[in-house]
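Chemist: Sequence:
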Amino acid sequence: MAKGEGAEHFSATSLLQNKPVSPDGVKLAKHDKKSRLSVCNKLCYAIGGAPYQITGCALGFFLQIYLLDVALVDPFYASIILFVGRAWDAVTDPTIGFLVSRSPWTRFGRMLPWIMLSTPFAVLSYFLIWYVPSFDQGKVIWYLIFYCLFQTLQTCFHVPYSALTMFISSEQKERDSATAYRMTVEVLGTVIGTAIQGQIVGGANAPCNPGDIGGVDASNSSALQLGPNVNISVPHVSLTETREAYMIASGVICIIYVLCAVILFFGVREQKDASHLCHRTEQPMSFFQGMRLVMGHGPYTRLVMGFLFTSLAFMLLEGNFALFCSYTLGFRNDFQNILLVIMLSATLTIPFWQWFLTKFGKKTAVYCGISSVIPFMILIVCIESNLIVTYIVSFAAGVSVAAAFLLPWSMLPDVVDDFKLKNPDSRGHEAIFYSFYVFFTKFASGVSLGISTLSLDFAGYITRGCSQPEAVDLTLKILVSPAPILLIIIGLIIFKTYPIDEVTRQGNRKLLQELRDSEQDSETDSTELGSMV
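This note's numbering applies: residue 4 is where the sequence shown begins, and numbers increase by one.
Derived by calculation from the structure, the hints in this document are not laboratory data.
Note that the coordinates shown come from a computational prediction; the quantities given were computed from them, not determined experimentally.
You may find that some hints are simply not true.
[Said to hold, decoys possible] Taking lysine-lysine pairs in the DSSO-like style, the calculated list, with each CA pair at most 30 Å apart, reads: (1) Lys-176 to Lys-425; (2) Lys-480 to Lys-176; (3) Lys-142 to Lys-362; (4) Lys-513 to Lys-425; (5) Lys-362 to Lys-499.
Can you make the complete structure from the sequences, with help from the hints?
Modeler: Put into structure tokens, the structure is as follows:
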């Protein structure tokens, strides 16, 4: 028999017997090679996650204190801006996720065009958030418009980027590895965001007003009683210089945002085959049909609810830590360095948590990583104000922050894979999975920032005061310790019901790989049979 005849006979026979057409494993080797990502691919993919974390960190740590002490917005209106902006951001996530899932394939992919087209408008709106308009009457509307606009445009970047995880490789191991690269760069992005915003702005702190400290006239020294850590000296920096510093910091961040988007666009390729296999639906589902299907998946619901509470805990800490350091601890000129220590610690320990979850499993990593911050949350409010001890506690807390960054994005692909196996005829919902997770976390963030800022208003927060009333100090202590600890405990209890352990995860991985191989073999066989005919 001739060589060509033997090949044709093998193909036809394999098709009739439903056997893989992969003599000598050549086809499987090609599939593995295509699914494997180079270090350069992983780095370029990871760099794309930096803009979200850089801007998110700057907004999370500094927007509240910026609105109160630099833009001079009333605490009540500041709480409205923070809540409405985050709530609007949360609503846009599932909407954008649905639009992304319905967008057509282009020669650049389905996700990457969204990322590039949204970038220039996002950086412009971000810059205008940190600009103080000359008028006072419409200042609240100004910040509401540009904060909501930036959140919408950033969603057009981040939701496709998050869903891109499922399209850079069909191998779970490669996706987990790329996720670890991404989390390392994203935590590094928080360091960059903290460093740029903190160091530039920290050198031009908004001057406090020693003439009104806790409602007492500072000129009346007999009526004024201050703690040992409060410095009421007026700095030689004007409010105008502080505002300029915020604009400079935002300009630098905008440049980095654009560079990261360009590197992602040219350094990563979406796998068309993987996208095609995951998007073959006879009739596209509506938004609400897809939402019901996704939210009806038990493992996904438990994962999202668990991380909803733990994320809310860390967001409460993030949103109020700058004020806590400035007023409760008395480190007004050092808080940006304390935040930087937390983020540096988180960056350095991301590789450790990647090793830990590989060695001991992801559920174990959740319990050990997230709960490890609790002793330090207790310690930070119990000790006397001491700068060195605060730095040590901040470094230790950063270890837990790293776990909180890494684990959600490492576990979401496992849930998506489990959904694919249990719903083999329903494809193309990856973006909806990711967008709804982001929706819940962002909505929780809006609630936390709104409630915490409103609580400060009720406690009697004094804008630009060198000191605050005791009620404000107590409120800040509750917001950075007891409240986050309670939320973490609730989240860990929910994780107890999460069903995908290491045995299930490995079994799903094997079944999904067999399903992909079977689909690819069937398509190849059909192509070969068509060419024979």
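Chemist: Could you run down the list of hints and mark each one as holding or not?
Modeler: Now for the hints, and whether the structure bears them out:
Under the criterion of a C-alpha separation no larger than 30 Å, the hint pairing Lys-176 with Lys-425 is consistent with the structure, at around 21 Å. With a C-alpha separation of about 42 Å, the suggested pairing of Lys-480 with Lys-176 is violated against the 30 Å cut-off. Our distance criterion of 30 Å between C-alpha atoms is broken by Lys-142 and Lys-362, whose separation comes to about 52 Å. The suggested pairing of Lys-513 with Lys-425 holds, with an alpha-carbon distance near 14 Å, which does not exceed 30 Å.
Taking the CA atoms of Lys-362 and Lys-499, the gap is near 19 Å; set against the 30 Å cutoff, the hint holds.
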